[in-house]
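Below, each chain spelled out in residue letters.
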Amino acid sequence: MNEDKIIVSIVEDTDDIREALRVLINGSTGFECVHVFADAEEALDNMPANDINVVLMDINLPGMDGIGCMKTLKPSMPDTQFMMCTVYDDDDHIFNALQSGASGYILKRTSPAQILEAIRDLHEGGSPMSSEIARRVVYSMQQNNKPSEAIELLTDRETQILDFLAKGYLYKEIAVELFISKETVKKHIHNIYEKLHVQTRTEALNKAYHV
Amino acid sequence: MKIKIILSTIAFTVILGVFGQNISVIDSLELVLKTAKEDTVKVNNLYSLSKQYRNISNFEKAMQYAESALVLADKINYKRGKANAYNIIGNLYIYTSNYPEALKNSLAALKISEELRYKKGIVSSYNNIGIIYDTQGKYAEALENFSACLKIEEEIGNKKNIATSYNNIGYIYRNQGNYAEALEKYFASLKICEEIGDKVGIARSYNNIGIIYRIQGNYAEALETYLASLNIREEIGDKFGIASLYLNIGIVYGSQGKYAEALENSLASLKICEEIGDLQGVGYSYSNIGQVYEILGNYPEALKNYLASLKIYEEIVDKEGIANSYNSLGSLNIHLGNFQDARKYLDDGLALSVKIGNKSDIQSSYGSLSRLDSVEGNFVQALEHYKMYTFYKDSLLNEESNNQIARMKIQYETEKKDREIELLNKDNEIKSLQLAQQQVSLLAARLEAEKNQSELLLMNNSMEIQELKMAETQKDLERKQAEAEVKAAEMELLNKDKKLQEKQLENQRLVRNGIIAGTALLLLVGLLLFRSFRLRKKFEKQQAIVQERKRISADLHDDVGSGLSRIMLLSELVKKEARTPETRKEAEKISTISQELSSNISEIIWALNSNNDYIENLAAYIRRYAAEYFETSSVRLNINTPAKMDHVPISGERRRNIFYAVKEALHNIIKHAQASEAELKFTVEHDILSVVIKDNGKGIPKGELNRFGNGMSNMQNRMKSIKGNFSIENHLGTKITLTVPV
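Residue numbers (our numbering), protein chains in the order written: chain A, 1458 to 1668; chain B, 21 to 762.
To be clear, the hints were calculated from the coordinates, so they are not data collected in a lab. All values reported here derive from a predicted model rather than from experimental measurement. Keep in mind that a hint or two might mislead.
Claimed, not checked - Quick look at which bits of chain A chain B covers, simulated, 3 or more residues with Cβ under 8 Å: (1) 1473-1482; (2) 1521-1535; (3) 1619-1631.
Unchecked claim - Stretch by stretch, here's where chain A covers chain B in the computed footprint (C-beta under 8 Å, at least three residues): (4) 149-159; (5) 317-324.
Said to hold, decoys possible - Sample of chain A residues lacking proximity to chain B, with all beta carbon distances greater than 10 Å (derived): (6) ALA1495; (7) ASP1496; (8) ASN1503; (9) GLU1589; (10) HIS1647; (11) HIS1654.
Ideal Cβ positions, reconstructed from N, Cα and C, are used throughout, including at glycine.
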């Protein structure tokens, strides 16, 4: 396997889309896609634990959905990034997925070129976030933690960025406002997701203790 | 000649906590602890409690909490907590003078912190290790550790800890006899502590500066700085520090010949050190008491105290202390006439002092040896030893050092005054740096905009194509014709290259069918919307509308949406496999159209969604829409939204109408205005939301109002339907104002 290539795996039930994505990814330099699965069950049985950099996971799958599939796969694939795919800005599902361990999402209406860019971004530590998702992150951090802890959890910079996102600023605009690069903005957002995940992990742990 | 080198006390601490409110902090922490779950928070609380108790010199309690923190951190595998616990345990062992245990724990902490790259932990360990090395007389190693601390603290930018590091470095220089360097570091520490109002640090700095003054024989100033330090320490209740000061003050009084006061202060120190379990302090106190008794001629009492101090030093393996006791005992035994014992003690003391490298102790040994030689009548050797004594004395206390100390004092005073000016200059520097950075960002943004120019052209083309296509697909005839064309093409291509072309055609047909299906679905959507509108008119039932909208959203979402996605991806495949530029271009168009249809549907879904009905969300949505819409255009859009918007609800109907009106206005700017700049501004005042869309374009010429009539009356009707207002000004561009009560 070529080390420079980003190894992508696809879990998608629509045959046309899955095949088209596979061909597109394989046809682009710097990307490779060998493992494709039509549903969660197939992915759980056959997904190789190593070597996969990014999994493109459809949220809407027959049987177990994409979020459940990711949750199950994630512990055995700690170095793999999960990118959720959905038809439209389905905020409930997207947020749920992000809380459960996904670091990115794309809408299926995204152009193929942008899909590839998003995969590369995610692989390099950047994450996307819409204003609606930003608001949810802020809300969820406030709900699940005491105010003081929520503030401690996020750095000042991260809070600033969430605030701008919630107001509808584009990454580029935030970068200009804060005198940082667009890439840095993306990295901050990636870190915010990481903190969302951590939060979920402690929750799970606490529940286990109560049993 | 009688030489007295009086022991100076250790007076540097690594206290990081806040004094004064310790008791109440402890109370509240202990209260929290009672109900706490076994998690990282509890570990941190235990750690904090340990620090608090250390700060009020209750080392036993401090150790209990530190050990509990370690056990819990280990149990829940909280590594940072473990590092902290090991460090505080190491630190507590330093306070109670158990250096092997201190080193063991500090090294354990260092290992974990380095694995985690946990800077605060690393620095605490270095600090502990530096202190331990110092007590072992390994000054070079100690200096190395403290310098590493300073470097990391400067990276972290914690001023309080930077001051502590300066202090500790100064202390090592003092032990090496480099008083000028020592004073420089102490003043640097004082400066920072005063800057940040750190009382603990100020008291510590005064104390240390006083020690240097005392060594220099400047007793009046030494006493003055000690008393300033004592004042602060009594205020904050720092027993460890108070004991040190009593000891130091006692030493000055002894040097001034005020023996009663010297004894009084040393005994006060001993009492406090025993109370708080500071063994090193107990050792120092015994040493100093012994010295006063020796001077007063009470040799039995002197011997008793010296031996007591030696016992303690040996117990805590304080080499400096041991060397010092040897010297004292040597000197005392000369008085007692036990020359053999005296020589043994002095030889051992000298050897140990040389090994440690403590110049003042070496000087002391040589002085006593010289006296012993002359008492024994060995004048040649006495002279040799005396020469060594003066050599060390001079190197410790020469003119150069004195001058430097004086210079330091002046420099400190002037620097204090210059600091404000310096700060002002720094401000200006930062501002100019920010300006430069901003210019770079702007330049980058402009370059990106230029890069997108060609894409813009493409987009404009496809928009027109889309309109044509829409009309096209509405007519059955043309659709049939298109199908016929496809078939004809299929036939033709089949002749040329059977397998490849067949596949390509299949894809193409699929795409076309997809487009047709997509458009039909879009029409269906329009129909459904219309039906929902009539439903509302008929029944006026909000509930029914919500249900209907949800259903439409779901339909759009699942069927139309995924259908369009498929079209888009497949057209991309066709594009890739296309053999002729024409096919390629066609495929590209299909892809663009399906993308646009897709975003249109996305907007419809947003408008139908009745969930996020707040005014700030509407502003955010429009803001993002506008920014994205203008991103690839040559028109610079300036968006102005209030920094904070009230959490005012807004109905789905209003939200939808405002959005479409704004969209229409923005669309006109891009399509017709020929503007270079535009502005979108939201304000909420007196319960009225107003949106202003302004541009610097050509305005709407009188004769062409008809052409725009449709869009204008559309906007007007939209605003009217939600009891809002629409106005247009046509002067130096166009200014549209939408207002609606909220």
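Hint check results:
1. 1473-1482: As far as the stretch 1473-1482 of chain A goes, the hint holds, because 6 residues have Cβ atoms under 8 Å from chain B.
2. 1521-1535: violated (count 0)
3. 1619-1631: holds (count 7)
4. 149-159: With 0 residues close enough to chain A, the hint is violated.
5. 317-324: With 0 residues closer than 8 Å to chain A, the stretch 317-324 of chain B misses the three-residue bar; violated.
6. ALA1495: holds, 15 Å
7. ASP1496: holds, 16 Å
8. ASN1503: At roughly 23 Å from the nearest Cβ of chain B, ASN1503/A sits farther out than 10 Å, so the non-interface label holds.
9. GLU1589: Non-interface label fails for GLU1589/A: nearest chain B Cβ at 7 Å, not farther than 10 Å.
10. HIS1647: holds, 19 Å
11. HIS1654: Nearest chain B Cβ is 16 Å from HIS1654/A, so the label holds.
In this structure, the hints that do not hold are numbers 2, 4, 5, 9, in rising order.
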